[in-house]
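Trainee: With the hints as your guide, set chain D onto chain U.
Chains as they are written, first to last, in the numbering used here: chain U, 17 to 344; chain D, 17 to 344.
To be clear, the hints were calculated from the coordinates, so they are not data collected in a lab.
Note that the structure is predicted; figures quoted are calculated from it, not measured.
Any given hint could be a false lead.
Copies of one chain are not kept apart here, so a pair can be met inside one copy or by any two copies together.
[Unchecked claim] Derived EDC-like pairs (lysine to aspartate or glutamate); straight-line CA-CA distance at most 20 Å: (1) K155 to D49; (2) K243 to D169; (3) K155 to D21; (4) K28 to E108; (5) K32 to D49; (6) K240 to E19.
One-letter residues, chain by chain:
Number of protein chains: 2
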Amino acid sequence: MGEFDLIERYFKRPAKRALLGIGDDCALLQPPDGTHMAISSDMLVEGRHFFANVDPRTLGHKALAVNLSDLAACGAEPLAFTLALALPQIDEAWLAGFSQGLFALADQHGCELIGGDTTLGPLNICITVFGSVPAPAGKSQALLRSGAQAGDDIYVSGHLGDARLALEALRGKFDLPPALLLTTRQRLEEPSPRIALGMALRGLASAAMDLSDGLVGDLQHLLKASKVGATLYTAAALDRLAARTHVDWANAGISDDAALTCVLSGGDDYELLFTAPPSAAAALQAAVLQSASPIHCIGRINAGPGLLLHDKNGRELPTHFTSFDHFS
Amino acid sequence: MGEFDLIERYFKRPAKRALLGIGDDCALLQPPDGTHMAISSDMLVEGRHFFANVDPRTLGHKALAVNLSDLAACGAEPLAFTLALALPQIDEAWLAGFSQGLFALADQHGCELIGGDTTLGPLNICITVFGSVPAPAGKSQALLRSGAQAGDDIYVSGHLGDARLALEALRGKFDLPPALLLTTRQRLEEPSPRIALGMALRGLASAAMDLSDGLVGDLQHLLKASKVGATLYTAAALDRLAARTHVDWANAGISDDAALTCVLSGGDDYELLFTAPPSAAAALQAAVLQSASPIHCIGRINAGPGLLLHDKNGRELPTHFTSFDHFS
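Looking at chain U on its own, in the form it has when it is part of the complex (with noise of 0.2 Å):
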């Protein structure tokens, strides 16, 4: 099968939004008068961001819905994508998985795919997402890292670790009984983009990012955005974040030192982390309640720069914890 037939087959739909899809030298796009469109891409390599014998429908899942995540850090609406595959060998049932994978998460969220390329070559998956973000009167509504104030409280959404608690069993590290790794492999492998909260936000956050190479770094890339510093609650963080699952992995003998590792710095969370003045607490709830995403307040960003982390008690954590990884 060539190129042309496998992009027939597996990858080629009727435009609905775009005024031209796949099949020409370029797509056509009309963002919606009176917004800015958000763009992002990412790349995702063998062996690096996912294993190679990963379920390829999970495959397809997990590569748009990592673009989709930076989308919903900046409040933007789902309009299309492209996507580039370099595949070592034509495999159907691959590809049929992939694209099924990748189709589920691309209609539930009305996201188009308009273009790309494909190609031989070790495997390789580079998705660019387009989103639009209302800009009345020329003025973005945009989500941007580069908004926190001193005073602002500090929030996720969802709950944090369980990618990495799953990417550490499957590494060998943890034997996490059966049904605690269904559950937080799932979250590894399927990720749930926080595009309906994004979207809430607008107008509310002052600041929001996704989060997917852990808590602690990249909440340091918004303080440095933002000019500001940041106290961390761990004691939220370990006790709310990964409350649904945390009875479990203390059950599985996950030790304290390790699951507040997880859920520091983790990675590969794909929930939103933002800030927002106390003031807006209350329509926050009214937001949350609007997406469906549960949101914890897990700290509050400081004038001075650095960030500190407090345990349970109000003490200062050891500082190895704001370092980005403990396993490698």
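Mentor: Leaving out everything else, chain D in the frame of chain U:
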């Protein structure tokens, strides 16, 4: 050097056209009022699209050039691009050369790097490019593959076959004189996207595409999209398209058959293939002067399907020339 330092040092420059460039979760772009956005994506893989030892400066040029060529084929004006890069290791000399070649071409076309991704992995370069096409009263002026009509003339810009001749010489198939190797190799490694010509063809060409896989194969995609056939004057192809170097080719011992193969199914030409009604011929010549791109009429569109190749005596050529590739 980590990912963020690498981006800071080699790729981050202040945003000029974009509302928001590198550094946040998304870039923000506002296409000019009354335009549609043209989008294309190309992925280049080591060993398949370029040799491992290629000069990184020319690789940076070519990775963007092949994308800009897609914009040219649509008549789009370049706006911006994203770059996703998988690197086997951090090699600062390589990065310096690559980014230099990339930005030199980008600046030439006012095309701004607005975002992307970097990761460790087998060398892979994925660029997604954005351009604007005027759409007065919502009607796009984009050049498509699907508009060719029976009776239209078929044109190509520049001359063809150089890139393939250089590729085969580098593979050891031909032993070219140094001067011929130099000129053809530059055409292989540093193609010039026909942006000005593409923009000048708006409203004149009935269909257009860029030549990346070879004239005969690419033309058949245009014919299929337009639901027509064509007669190609191979005498014109051989005698005029390769005119600049054809004498040198003969002197270098390249047979007519090998030369015809390079011209008809060479690939990597990045010239424009387009059609226009005979009534547009005078206006076309004016457009060509304006864009400083030579064009040649090499055939005619037929109502009936199929592609015929006629030699200089008007005789049909053996059908093996209509297949894609004769070297591999």
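Trainee: Hint by hint, say whether it matches the structure.
Mentor: The hints, checked one at a time:
In this assembly of identical chains, the alpha carbons of K155 and D49 lie at most 20 Å apart whether taken from the same copy (13 Å) or from different copies (15 Å). When the C-alpha separation of K243 and D169 is checked against a cutoff of 20 Å, the pair qualifies only within one copy, where the shortest distance is 15 Å, while the shortest distance between copies is 61 Å. For a Cα distance limit of 20 Å, the shortest separation of K155 from D21 qualifies neither inside one copy, at 44 Å, nor across copies, at 31 Å. In this homomeric assembly, K28 and E108 come within 20 Å of each other (Cα to Cα) only inside a single copy, at 15 Å, whereas the closest approach across copies is 39 Å.
In the homo-oligomer, the alpha carbons of K32 and D49 lie at most 20 Å apart inside one protomer (17 Å), although the nearest pairing across protomers, at 22 Å, exceeds that limit. In the homo-oligomer, the alpha carbons of K240 and E19 lie at most 20 Å apart only across protomers (16 Å), although the nearest pairing inside one protomer, at 44 Å, exceeds that limit.
Taken one by one, the earlier hints fail for this structure only at number 3.
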